[in-house]
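Student: Following the hints, put chain B in place on chain A, whose structure we already have.
Listed below, chain by chain, are the residues.
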Amino acid sequence: MPDVILEMRNITKTFPGVKALDNVTFSVRQGEIHALVGENGAGKSTLMKVLSGVYPHGSYSGDIYFQGKECRFRDITESEEVGLVIIHQELALIPFLSIAENLFLGNERAKNGVINWNESISKTIELLDRVGLHESPNTLITNMGVGKQQLVEIAKALAKKVKLLILDEPTASLNESDSEKLLGLLLQLKENGISSILISHKLGEVNKVADSITILRDGATIETLDCQKDTITEDRIIRGMVGRDLTHRFPPRDSKIGDTIFEVRNWNVYHPLHENRKVSDDINFNVRKGEVVGIAGLMGAGRTELAMSIFGQAYGTRISGKAYKSGKEIDISTIDKAIENGIAYATEDRKAFGLILIEEIKNNITLTNLKAISDGGVINEPKEMTVTSEYRDKLNIKCSSILQLALNLSGGNQQKVVLSKWLFAGPDILILDEPTRGIDVGAKYEIYTIINRLASEGKGIVMISSELPEILGVCDRIYVMREGRMVGELPASEASQEIVMKYIMTQQEVME
Amino acid sequence: MKTLATLFKNNVREYGMLIALIVIMMFFQYQTDGILMKPVNITNLVLQNSYIIIMALGMLLIIVAGWIDLSVGSVAAFVGAIAAVLMVKYDFNWGLTILISLIVGALIGAFQGYWVAYVKIPAFIVTLAGMLIFRGLTLVMLQGEAVGPFPTQFQKLSSGFIPDFFHYEGLHVTTLLIGAILSILLIFLDIRGRKNQQKYGFEVTPFYFFVVKNLFITLAVMGLCYLMASYKGLPTVLVILFLLITFYGFITSQTVLGRRIYAMGGNEKAARLSGVNTPRLLFYTFVNMGVLAALAGMIVTARLNTATPKAGVGFELDVIAACFIGGASATGGIGKVIGAVVGAFLIGVMNNGMSLLGIGIDWQQAIKGLVLLVAVFFDVYNKNKNV
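Heads up: the sequence lines are chains A and B, in that order.
Mapping to the working numbering: the first sequence position 134 is 134, numbers consecutive.
Counting the second sequence from 1 gives a position; the working numbering is that position plus 1000.
Just chain A, with the same shape it has in the complex:
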């Protein structure tokens, strides 16, 4: 097939305990815009990392052909050499360098190590012109908006003589008009023979520009739709993204739901750096005794920010709103007070925010409530040993000893340590942020079982998750968040993946 620029055949990539990609086949035709869609965790980013050499040849199985030649990239420079450039969601620009300096970073116009600034600047002007950005080459990146930065990234790719451009959620943080501009640019590049792969959650824009759409689900290719032949509706895409068998992945539970134990009213939070950006916008929600409430939404919808702002204002500024526990207003203005009032927040990023990796399991578990194992400020070590051993047994933490460092545990067991530590604080309300991220199926099942048990003990549980099946399989009630607002609430009995996905994805229609 001479018109195929890229072909990935039978790509399989495993991480310890997880199969991230399972025999994926994916091909892109010359001069097309190919959209790659799928839920969070479906394997889109992993596939692109395999393609661009972030995961070097040998760490996955399968073959990659680019312009008919087999490629075995060892790192990202090698893939860029043949004209494959990836633009990540988090932009890779250096904020305090100028546009020109960024454009040629690692690719400097230089002779014997001395930069030819005249050539650099004139080339920069030419490239900026191609992407339709009218800025001085000397403008610092930090002084530009995200939309313009995105254009600089594309110009940078053009400087590298890109043939296939990969964009990972390029419009996630752009407003309407910047998005339009970017998509227009993609179409224009297509005219000039540059193909692109577009990863996006916004199905509206996918439909607008894509020539074909490949759907990934659970690390496997589901189907490739040809937009030129048939008209593809968003519903059709959503069906492909979610359809799957849910039996036996979740432990059974029968809920005994009591009175409201925790409620948040008119909660507003602003971004800590961009003071006029609201990250939580007039949020109301509640959780009852024995209930598991899910908060669904895309990454970046503001769920973690909401949870952390509630947990002792660990995130955000200018926080306003009221919190009630069993009908009484409570003060949760510091983390101390939040914990004292029986709130616990288990973070989504256990390595960065949840655990002290260089310390023992024991020390990690007791940190939230050292009072309980000490007398007059002196730690009662035997008591600490006994208590932590109990948690090890109860939550089935697989370790050689509770004196093992948290560093040396698998992801699932680390997560159990995080849960133990918060259970040790004796909370009534547990906010679990992505409690099963990055852990294997067996450990997930164990975590669900623990969640069920906690609910049956009468605790109120709020679970933030980007995996819809998990939300549907575990929760009694589901909230949907989008762009800092609660946009939907429905009982699990009435929810299906299609319905929730619609709430999550179809913002344009609702907003306009």
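FYI, nobody ran anything at the bench for these hints, they're computed from the structure.
Since this is a predicted model, take the numbers as computed values, not measurements.
Check the hints yourself; a few may be wrong.
With a cut-off of at most 30 Å between alpha-carbon atoms, the simulated BS3-like pairs for lysine-lysine come out as follows [unchecked claim]: (1) B:Lys1213 with A:Lys383; (2) B:Lys1269 with A:Lys371; (3) B:Lys1199 with A:Lys398; (4) A:Lys278 with B:Lys1120; (5) B:Lys1156 with B:Lys1089; (6) A:Lys322 with B:Lys1269; (7) B:Lys1269 with A:Lys337; (8) B:Lys1156 with A:Lys278; (9) A:Lys337 with B:Lys1120; (10) A:Lys371 with B:Lys1120; (11) A:Lys394 with A:Lys289; (12) A:Lys325 with B:Lys1269; (13) B:Lys1199 with A:Lys394; (14) A:Lys398 with B:Lys1336; (15) A:Lys161 with A:Lys190; (16) A:Lys398 with B:Lys1195; (17) B:Lys1336 with A:Lys383; (18) B:Lys1269 with A:Lys351; (19) A:Lys398 with B:Lys1269; (20) A:Lys394 with B:Lys1089; (21) A:Lys371 with B:Lys1195; (22) A:Lys371 with B:Lys1199; (23) B:Lys1269 with A:Lys383; (24) A:Lys49 with A:Lys69; (25) B:Lys1199 with A:Lys383; (26) B:Lys1120 with A:Lys351.
Tutor: For chain B alone, coordinates are given in the frame of chain A:
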């Protein structure tokens, strides 16, 4: 049952430094024809290095918390100058002077701690500024000249010895008695700890190792006390040192406060999200450092019997080196009090031994630098091997 070899392998860091200290002591003992271990020299060694050890205790906490303090030498000099001016120019009584000096130290610590903990300026910068500020203020305070001498009670802070209640010719019996009580206490504590471990079903070290260890410790304690007793007895400074080391050892290993400092250094964000008030904790860690620097400053001043503008220059480097030689991690969260003390002694013995051998200050510095590098290399090498 663990074998001695695996036991050593698991604790290579702790035993390694102790063995290095002993080897270096034996080397100098041999090279100096036995001068190193003479009672008068041992007493001198303790007096000369007491302030390094005192400051190393505070520095260890700062390093474990993940930061550094470059100002301690200047702060010590500044507080020494204040004490001198108060006593010599204003006739303050020595007790009040000590109290005021300690408070000044705490205030200086609070000043630096405020910028680091609440304004979030990196400690390296804040304490670099502090180093310049307090060196300058020392000069201002002393108006460029040496101030002294001091009341004898104040001098006793560094040159005093504990009184002897038994007047036995040529031997300080009280010192020996204290040594004996201490030995018995240590053995008692070790037995109790071992029983406790067995009660909870933990693996304990082999019995013969336990016996050998206690025998060794008893010998070391009694030997040191005998050496001291045959000179003038236990120096007051050594008693202060012992109390401080015990206190900080206890704080770091047995208390909620210590646990929180290690947690903060290991992962500040995780500690904060676990309810630890990390800014306040860091603030008080600096206050503590200020107080210890003040104490060290007074001991140095008392020892020289004058406050000089150049006192304490370069102390911070010896103190920081002691912590790193003792196994503290520059990224925070790791380090032991006993390690810092052994590290400080190692530096002290090298300073003293090399001076006895007549090695110039130039080579002394170079050699100390190499020892620091080798000790930390040893750490990194071990860590990589174990991963």
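Student: All the hints need checking, so say for each whether the structure fits it.
Tutor: The hints, checked one at a time:
1. B:Lys1213 with A:Lys383: holds (27 Å)
2. B:Lys1269 with A:Lys371: Holds. Lysine 1269 of chain B to lysine 371 of chain A sits at ~20 Å (cutoff 30 Å).
3. B:Lys1199 with A:Lys398: Holds, because 24 Å separates the two Cα atoms, which is no more than 30 Å.
4. A:Lys278 with B:Lys1120: Given that 30 Å is the threshold and the Cα spacing comes to 25 Å, the pair holds.
5. B:Lys1156 with B:Lys1089: The given pair, whose Cα atoms are some 20 Å apart, holds under the 30 Å limit.
6. A:Lys322 with B:Lys1269: The given pair, whose Cα atoms are some 25 Å apart, holds under the 30 Å limit.
7. B:Lys1269 with A:Lys337: It holds: about 17 Å lies between the C-alpha atoms, which stays within 30 Å.
8. B:Lys1156 with A:Lys278: violated (64 Å)
9. A:Lys337 with B:Lys1120: holds (23 Å)
10. A:Lys371 with B:Lys1120: Measuring from Cα to Cα gives roughly 28 Å; hence the hint holds.
11. A:Lys394 with A:Lys289: Within the cut-off at roughly 22 Å; holds.
12. A:Lys325 with B:Lys1269: holds (26 Å)
13. B:Lys1199 with A:Lys394: holds (22 Å)
14. A:Lys398 with B:Lys1336: Within the cut-off at roughly 29 Å; holds.
15. A:Lys161 with A:Lys190: The hint holds at about 14 Å.
16. A:Lys398 with B:Lys1195: Holds, at roughly 28 Å.
17. B:Lys1336 with A:Lys383: holds (23 Å)
18. B:Lys1269 with A:Lys351: holds (10 Å)
19. A:Lys398 with B:Lys1269: holds (25 Å)
20. A:Lys394 with B:Lys1089: Violated - the C-alpha atoms of lysine 1089 of chain B and lysine 394 of chain A are around 69 Å apart, more than 30 Å.
21. A:Lys371 with B:Lys1195: The hint holds at about 25 Å.
22. A:Lys371 with B:Lys1199: Holds. Lysine 371 of chain A to lysine 1199 of chain B sits at ~23 Å (cutoff 30 Å).
23. B:Lys1269 with A:Lys383: holds (27 Å)
24. A:Lys49 with A:Lys69: Distance ~19 Å between lysine 49 of chain A and lysine 69 of chain A Cα, so the pair holds.
25. B:Lys1199 with A:Lys383: This hinted pair holds, its Cα atoms lying about 12 Å apart.
26. B:Lys1120 with A:Lys351: holds (23 Å)
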